[in-house]
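Participant: Throw the hints in and build the complete structure from the sequences for me.
Protein chains: 4
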Amino acid sequence: MPENDPLEIAAEALCTTACWCYAQGWVPATSGNFSVRLGSRILVTASGLDKGTLTREGLLEVDLDGRKVAGSGRPSAETGLHLALYRARPTAGAILHVHTVWNTLISAHHAALGHVPIEGYELLKGLDGVGTHEHLEQMPILENSQDYAQLTAGMTAALDKFPRAHGVLLARHGLYTWGDSVADARRHLEALEFLFEVEMRRLTGGHS
Amino acid sequence: MPENDPLEIAAEALCTTACWCYAQGWVPATSGNFSVRLGSRILVTASGLDKGTLTREGLLEVDLDGRKVAGSGRPSAETGLHLALYRARPTAGAILHVHTVWNTLISAHHAALGHVPIEGYELLKGLDGVGTHEHLEQMPILENSQDYAQLTAGMTAALDKFPRAHGVLLARHGLYTWGDSVADARRHLEALEFLFEVEMRRLTGGHS
Amino acid sequence: MPENDPLEIAAEALCTTACWCYAQGWVPATSGNFSVRLGSRILVTASGLDKGTLTREGLLEVDLDGRKVAGSGRPSAETGLHLALYRARPTAGAILHVHTVWNTLISAHHAALGHVPIEGYELLKGLDGVGTHEHLEQMPILENSQDYAQLTAGMTAALDKFPRAHGVLLARHGLYTWGDSVADARRHLEALEFLFEVEMRRLTGGHS
Amino acid sequence: MPENDPLEIAAEALCTTACWCYAQGWVPATSGNFSVRLGSRILVTASGLDKGTLTREGLLEVDLDGRKVAGSGRPSAETGLHLALYRARPTAGAILHVHTVWNTLISAHHAALGHVPIEGYELLKGLDGVGTHEHLEQMPILENSQDYAQLTAGMTAALDKFPRAHGVLLARHGLYTWGDSVADARRHLEALEFLFEVEMRRLTGGHS
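Protein chains in written order, with the numbering used here: chain A, 6 to 213; chain B, 6 to 213; chain C, 6 to 213; chain D, 6 to 213.
These aren't lab readings, by the way, just hints derived from the structure by calculation.
There could be a bad hint or two in this list.
For chains that are exact copies, the list does not tell them apart, and a pair is met inside one copy or across any two.
Lysine to aspartate or glutamate pairs mimicking DMTMM-like chemistry, simulated, CA-CA at most 20 Å apart [what the hints assert, rightly or not]:
1. Lys-166 / Glu-17
2. Lys-73 / Asp-133
3. Lys-130 / Asp-55
4. Lys-130 / Glu-148
5. Lys-166 / Asp-68
6. Lys-130 / Asp-152
7. Lys-166 / Glu-148
8. Lys-130 / Glu-66
9. Lys-166 / Asp-133
10. Lys-73 / Glu-202
11. Lys-73 / Glu-13
Facilitator: Written out as structure tokens, the structure is:
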């Protein structure tokens with residue numbers, strides 16, 4: 006691994022971001038998974054690791070069909086969702102999947118509607134291509150399942166139906182978001198989690 | 006103490022976890038207690054220590070009847086509860102007992118029911134042997150008491166009545182959880198505290 | 006200042022505790038004040054300092070009448086309240102005064118009643134002399150004022166009327182708590198702030 | 006840049022404060038912007054930077070008309086708001102602009118009223134020139150816009166209409182606050198965010 010391999014540089018940023026997510030309480034109990042992609046090479050977290058201490062050794066290389074190319078351990082059970090996302094979003098270079106209190110609550114709150122609508126907040130401008138707080142972000146919510154083929158098909162369909170969405174929620178499960186780089190994906194994550202908290206506090210506060 | 010003694014390695018992990026719990030605000034005011042077991046040897050926190058600075062010297066060795074074998078200080082007043090738990094769960098190698106805002110609130114909320122029911126969240130899969138969000142976790146709630154013999158009997162009865170539970174709550178007091186290793190126990194703790202917060206916010210949020 | 010002067014050792018613990026309080030968000034905007042006492046010598050924070058960077062130089066020595074004996078700067082405007090407390094509680098060796106979200110809210114909630122009643126929580130045992138969760142803690146609430154002579158008289162009267170209280174609240178202002186040592190005072194602070202948060206969430210949660 | 010240049014010393018304090026704000030979650034997703042002024046020299050954050058890693062290189066020098074004098078990158082899109090503020094508040098030496106959960110919620114809650122009224126809290130004394138909790142702080146709320154000329158005009162008008170305000174809110178967007186020094190501005194920020202949280206929890210808590 007040459008030090009200036011762009012995929013290795015992205016892998017380092019991914020591990021830093023994973024540890025930061027753990028410190029926020031966003032990937033408790035070895036939950037969550039993370040990946041980076043360069044061309045047809047994908048590095049994804051191995052299954053069952055504590056994200057608070059993730060290092061390069063915790064990432065496996067897989068190809069676009071999910072076959073392990075290098076590394077030890079088993080790829081995350083949700084690797085298929087990452088692959089579906091990379092197929093549907095060709096410019097995506099990083100994917101972050103986290104379980105937070107507020108994304109869990111908002112995905113439950115709007116589960117029947119099938120998507121989370123958020124508008125009117127300046128922080129929406131933290132999302133790629135959004136230039137105004139008047140933007141209406143509509144983020145699909147998939148029904149949760151342990152059938153990963155079904156979830157993967159649902160992910161593909163949702164990304165097709167909501168071409169401008171910056172994330173996909175699994176109901177009472179967590180958020181998938183992505184970006185061209187790890188920094189972009191992390192910016193999306195920070196913006197979305199802020200918006201979920203503000204919006205849920207508004208919805209349940211009674212007065213505002 | 007040879008450095009490669011598995012019990013000493015577990016003790017080090019236990020101290021790290023205790024300090025982390027303190028930083029989360031989960032063992033305020035010298036509350037909480039922690040232990041590890043290997044065969045018939047048990048290391049348990051001494052009474053009255055600040056968990057934010059716990060080191061190996063803060064752990065005492067006791068035998069399966071709670072008699073002090075080594076170390077200075079007095080074993081935690083709740084050592085009997087640890088012993089009852091190790092007897093009822095033969096594979097348990099570590100026990101964590103914490104006082105958090107959310108476990109206190111949820112234990113009060115469901116006190117009359119006698120257990121906390123939680124289902125439908127992906128994070129339930131952070132619990133050993135749980136493979137689906139459709140799992141219904143039923144966690145017994147003991148009435149709080151200062152009579153430790155009574156609490157110990159209650160613990161034993163609850164573990165017998167709820168053989169699949171991953172924790173036991175004492176009402177308005179705190180949570181006991183455990184695992185085969187410190188890492189497993191901590192994973193259970195992180196999953197349960199996340200679930201308690203989400204569930205209490207849902208129950209009191211009014212809208213969801 | 007010899008290194009083994011007990012008052013200097015206490016001063017170091019006080020600064021550590023002040024910085025920790027700042028990190029918790031409990032003394033924002035240079036608020037709060039802290040002191041230690043040994044016999045007739047009192048070290049108290051100078052007025053207007055950022056508590057997140059408090060060092061020994063930020064403490065002034067005053068006598069039991071509040072006259073400056075050593076150090077630079079002006080003693081905290083609330084030094085008189087510390088003196089009244091040391092007079093009324095002869096064994097107190099440290100006093101912590103913090104402004105937190107939850108102590109502000111609970112002092113407002115119960116202002117008309119004149120005291121905060123809290124009972125039924127295990128964490129009450131974090132308070133000196135309390136051996137059971139069945140303890141009823143009654144903590145006086147003083148009406149806030151900028152007339153420090155009036156506040157001081159109110160503090161003295163409240164400590165006389167509530168001889169077993171472990172703290173005094175100023176309405177929409179903050180908490181005074183104390184202990185024989187800095188560690189005892191900090192244990193009281195951690196226990197009380199935990200109890201205030203749990204109790205206010207229970208009171209405003211609607212369901213529990 | 007001589008090390009004892011007062012503007013460079015202020016710039017260092019500004020970067021420290023920006024990183025601290027990021028750690029609090031107050032400038033997520035590269036949001037927020039910060040500046041210091043000395044005479045006619047202004048240093049302001051470049052557009053689009055992650056504030057958690059802000060260093061001196063992330064600050065540009067502009068003149069009082071917003072023309073770039075030194076540094077790389079593009080000045081923050083909201084530089085005009087900083088300039089309007091410096092014009093209207095001649096003693097201001099630092100400006101902090103943050104996006105927080107509580108300032109977003111309170112600006113939405115009182116948007117129709119056009120200002121946030123806060124009174125009765127001791128922490129109001131963290132604001133320059135305020136000596137009593139009986140102070141009524143009235144903080145203007147501007148309607149949010151992506152037309153910066155309009156926002157700048159609104160800022161100027163609001164500062165004229167509310168000459169004693171210690172901050173200006175943009176609805177569902179964020180807070181501008183300032184001070185003679187970075188330390189003063191940060192003290193205002195800490196006091197205001199504390200007050201916003203307490204006040205919103207009170208308004209939506211139902212019981213108090």
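Participant: Each hint: holds or not?
Facilitator: So, going through the hints one by one against the coordinates:
In this assembly of identical chains, Lys-166 and Glu-17 lie within 20 Å of each other by CA distance neither inside one copy nor across copies; the values are 33 Å within and 48 Å between. In this assembly of identical chains, Lys-73 and Asp-133 lie within 20 Å of each other by CA distance neither inside one copy nor across copies; the values are 31 Å within and 26 Å between. With identical chains, the CA atoms of Lys-130 and Asp-55 are at most 20 Å apart between copies only, with a shortest distance of 14 Å across copies and 32 Å within one. In this assembly of identical chains, the alpha carbons of Lys-130 and Glu-148 lie at most 20 Å apart only when taken from different copies (16 Å versus 28 Å within one copy).
Taking CA atoms no more than 20 Å apart as the test, Lys-166 paired with Asp-68 passes in neither setting, with 26 Å inside one copy and 48 Å between copies. Taking CA atoms no more than 20 Å apart as the test, Lys-130 paired with Asp-152 passes between copies only; the shortest distance there is 14 Å, against 35 Å inside one copy. For the identical chains of this complex, Lys-166 and Glu-148 are intra-copy neighbours only, at 15 Å inside a copy versus 33 Å across copies, given an alpha-carbon limit of 20 Å. Taking the shortest alpha-carbon separations for Lys-130 and Glu-66, neither the intra-copy value of 33 Å nor the inter-copy value of 25 Å comes in at or below 20 Å.
Proximity of Lys-166 to Asp-133 under the C-alpha cut-off of 20 Å is restricted to the intra-copy arrangement: shortest distance 18 Å within a copy versus 37 Å between copies. When the C-alpha separation of Lys-73 and Glu-202 is checked against a cutoff of 20 Å, the pair qualifies neither within a copy, at 37 Å, nor between copies, at 37 Å. Only within a single protomer do Lys-73 and Glu-13 lie at most 20 Å apart by alpha-carbon distance; the minimum there is 17 Å, versus 36 Å between protomers.
Of the numbered hints stated above, those contradicted by the structure are hints 1, 2, 5, 8, 10, listed in ascending order.
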